[in-house]
Amino acid sequence: MAISGYSSVRSSAAEARPRRGRTLLLRIAAAATLVSGCVYLGWRWTASVNADALALGILLALAESYGLVDSFLYAVTMWKPAYRSPPPPLAEATVDVFITTYNESAELVRMTAEAAMAIDWAPLAVHILDDGARDEIRELAAGLGCGYLTRSEEWKGRNRHAKAGNVNNALALTSGEFILILDADQVPDPRIVKRVIGYFSDPALAFVQTPQSFYNLPPGDPFGSDAPLFYGPIMRGKDGWGAAFFCGSNAVLRREALMQVGLISYARAAEEAFRASLSELRRDSRASFRDDGETRERKRELRRALRAAGKDMRSGRSLQSVAGSLKEAVAAFRCPPAAASCEGTERPGDRDFGIARITEAIAVEGVSTVSVTEDMATALRLHASGWKSVFHSEVLAWGLAPEDLAATLAQRLRWAQGTVQVLLRDSPLTKKGLRLGQRIMYSATIFSYFSGFSNLVFILCPIVFLLTGIAPVKAWNQTFFALFLPFFALNRWMFYIAAEGLDVKRGEQYNLALFPLWIKAVVGVISGRKIAFAVTPKVRRSGNYLGLIKVQVGVICLIAAGVAWALLGLAMGWRRDLFGVLVNAMWGCYNVWQLMAIVRAARYAPPAGWAPRPPFGTSAKGA
Amino acid sequence: MVPFRIESGEETGGVATVILSGRLNAASAPEAKGWLKALVGSGSKNLVLDLGGLTFIDSSGLSALVAGYRASAELGGNLKLAAMESQVFQVFALTHLDRVFEIFGTVEAALASFAR
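Taken in order, these protein sequences are the chains called A and B. Take 492 as the starting number for the first sequence in this note's numbering and just add one per residue. Take 17 as the starting number for the second sequence in this note's numbering and just add one per residue.
Calculated directly from the structure, the hints in this document are not laboratory data.
Restraint-style ranges between C-beta atoms, simulated for each label pair: (1) A/SER918 to B/GLU27: 42 to 50 Å; (2) A/ALA778 to B/ARG21: 48 to 56 Å; (3) B/GLY38 to A/SER1018: 51 to 59 Å.
By construction, the Cβ of each residue, glycine as well, lies at the ideal position given by its N, Cα and C atoms.
Go ahead and model the full structure; you've got the sequences and the hints to work with.
Right, dumping it as C-alpha cells:
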C-alpha cells in the first residue's frame, strides 16, 4: 500500500521479543553515565562555578543537576522492561466500546464507529459518546445500529469534567464487563479485543494499553507527533515496574476496577467534604460581640454539637450517622424555635453536609476528574489501589495526529498542565498504596515536564557569553572537558541504546524548542490559573503560525547576533577568548538546530493531494 | 443463579422499606438505580434498604446504592442500609464505604434510627 504518513511505532509481535543483551548493555551504560555524571557534577558544584557571575553559575549548575536526575529517572525506567505476549482470549467477556466525541466531523466518527462494529468479538456493544449532543451523530448511530449516549439530566448546571465526565456518564448507563475506549479518530483493528482480552485472565488486572499510532503523519513528522519511544521502550519500562500508563484511548479497561477506585475516591471525597462542612459550621458558630443573648446561646449549642461530631468521627462512627446526629442541631441553629418562618434559612450543605456529593452530577466517578489528563490520574488511582496494568506493544488502532502547529501546541500544553495538576492534587510522591517503582515511574513523567526551566538556562548561557564574555564556569579548560565529555558521551550512548534504533531526533528537538510552553504550563498550574480542557482539532487549519513561537524566533535571532558580535570582537581584537567563543558558538548553533524544528513546523503546508486514510476500516474512501 | 429483584416492602412512619435480593452487579445496577430514583421521585425520600437477600454485590451495584442515597439526600431525605450478609459487607469495607454509611443489623434498627 502506498499511503504515506504512518507512524514508526513498532507493531509486529517479533518486536516485542525480550532482548536480554540489550537490557544488560543499557544497564552498563546507565551505571557508567550516572558515575561519570556524579563525578562531573560534584566537580561543577565544588570547584568550577564562576564566583564573578554567581547567579548565572549557580543556575547552570542547577540546570545540569536537573539533567542528571532526569537521566537517572530515564535509566530507572529502562532498567527492567516487560516484553509481553498475549495469553489466549477469555472464553466469555462482555465488551462495551466507547467512542468519545465532542466536535469531530460525522465522517470521522463514522469511520471509527464502522470499524468498531467490525471488531471480531461477541458480545460487543458499540456506543458513541457524543458530548456535543449533535443530531447528525445521533442519526449516524441510529443508521449504523450502534448505541448513542449523551449527558443525562443530572449534568445540567453542574461541572461537566470534559472527556472524563463523558466517560463517567457512559459508565453509569452501560454494563459490559470490559470497556474499550477509543477517541473519535482512532480506527480500531478488528482484532483489537481478541489480542488483549486474554491478559484479563489475571483478576487483578485493571487495563491493557496499546500504542497510539497515526496514519496522517506529515512527511518528516514536522510536529513531532510520532511517539515510538514512548509507545515502545518507555511504556515497556514503566510496565516492567508495574506502572504502564493509561493513555486515554486504545485501551481496554475492567469496569469493576474503575468502579471500585471510583467508590474509594467517593468515600474519601465524602469525608473531605464533610470535614469542610464542619469547618464552615465552626466559623458560623464563632461568637461575635454583636450577638444578642439568644444568638449566643444558639451558637453555644451548635459548638457543643460540633465538638460531639468531631469526637464521633474520631471514634470511627460513619459519616452518615454523625451527620444524622448533627442535622437537628444545625436546623435549630439556622431556625430558632421562636422564628416566624424558616424559609430561606437552610444552606446548600445542610442537607447532606457534602456526603452525598450533590454538587457533582454523579457521585461515583470511575474516571478521575482531578486533572485535564484524566487518563494518567485514573491509572494512578488504580495502581494505588493495587490494580495491575499491561502495555501491549502491538498497534491495534490508527488515529490522527495534529496537522498544524496551533493544534500541536494546544495538545502539548494540556498534557503538561494535566501532568502538573496530578502532582498538585493527587501526588504520586505521597499517595498511599503505590510501590516505590510505581512512584518513580509517575515522578519521572512529571519531572520531565519541568525541563522548560533547565532548557531556558541552557539557551541563555551561550547567548550571555557571546554577547558579554561573562561565563557561568571558571574556565572552559581541559579539566572541564575531561570531566564533561565522558559524561556527555556516555549519556548519549545510554539514550541511543534505550531508543532501540528508533529515530528520536524530532522528540529531542521539541523537548528543547517547547521550553516556553513547559514553563507556561508549570507556572500556570502552580499559580492556580483555571485550565480548560482543549479538544485537539482533527482538521488542519491552514495559516502561518510564526506568531505562536515569537520567543523561539527571538532566541534564534539573539544567538545569531551573539555569534556575530563575538566574531567581530575577536576580529577587532576586543576579546581574546577564542576557545570560549568557539565552544559557545557551537552550543548556540546546536540550540538553533533544535529550535529550527518548530520554525519549520510553523511554516509547514501539506503536500498537494494529501489525503491519508487508515490501513483498515470499512468505509475509508479509496482504501 | 438467583436473578436480581427489587421490590417495595412495608412503609412505616413515612419510611419506605425496599427489599433487594439476588445478584446486584453491573448488569442489574441500572435497574436498581432507576427503581430507587423513581421511588424517591414519587415522594418517598426516606428509605431503608433490606439487603438481606443479596447474594452478591460488586462495585457497580454499590454505585447504584450510592446513587439512591444521593437522590434522597438531594430532597433532604435519607437512605439507610440494613441486614447485609458478610460477602456484601466485605465489598463495602474494601471500598471504605463503611466509613460513609451507617450499616444496621436489622431493618427494625434502621427504621428506629429514623424515629430518633
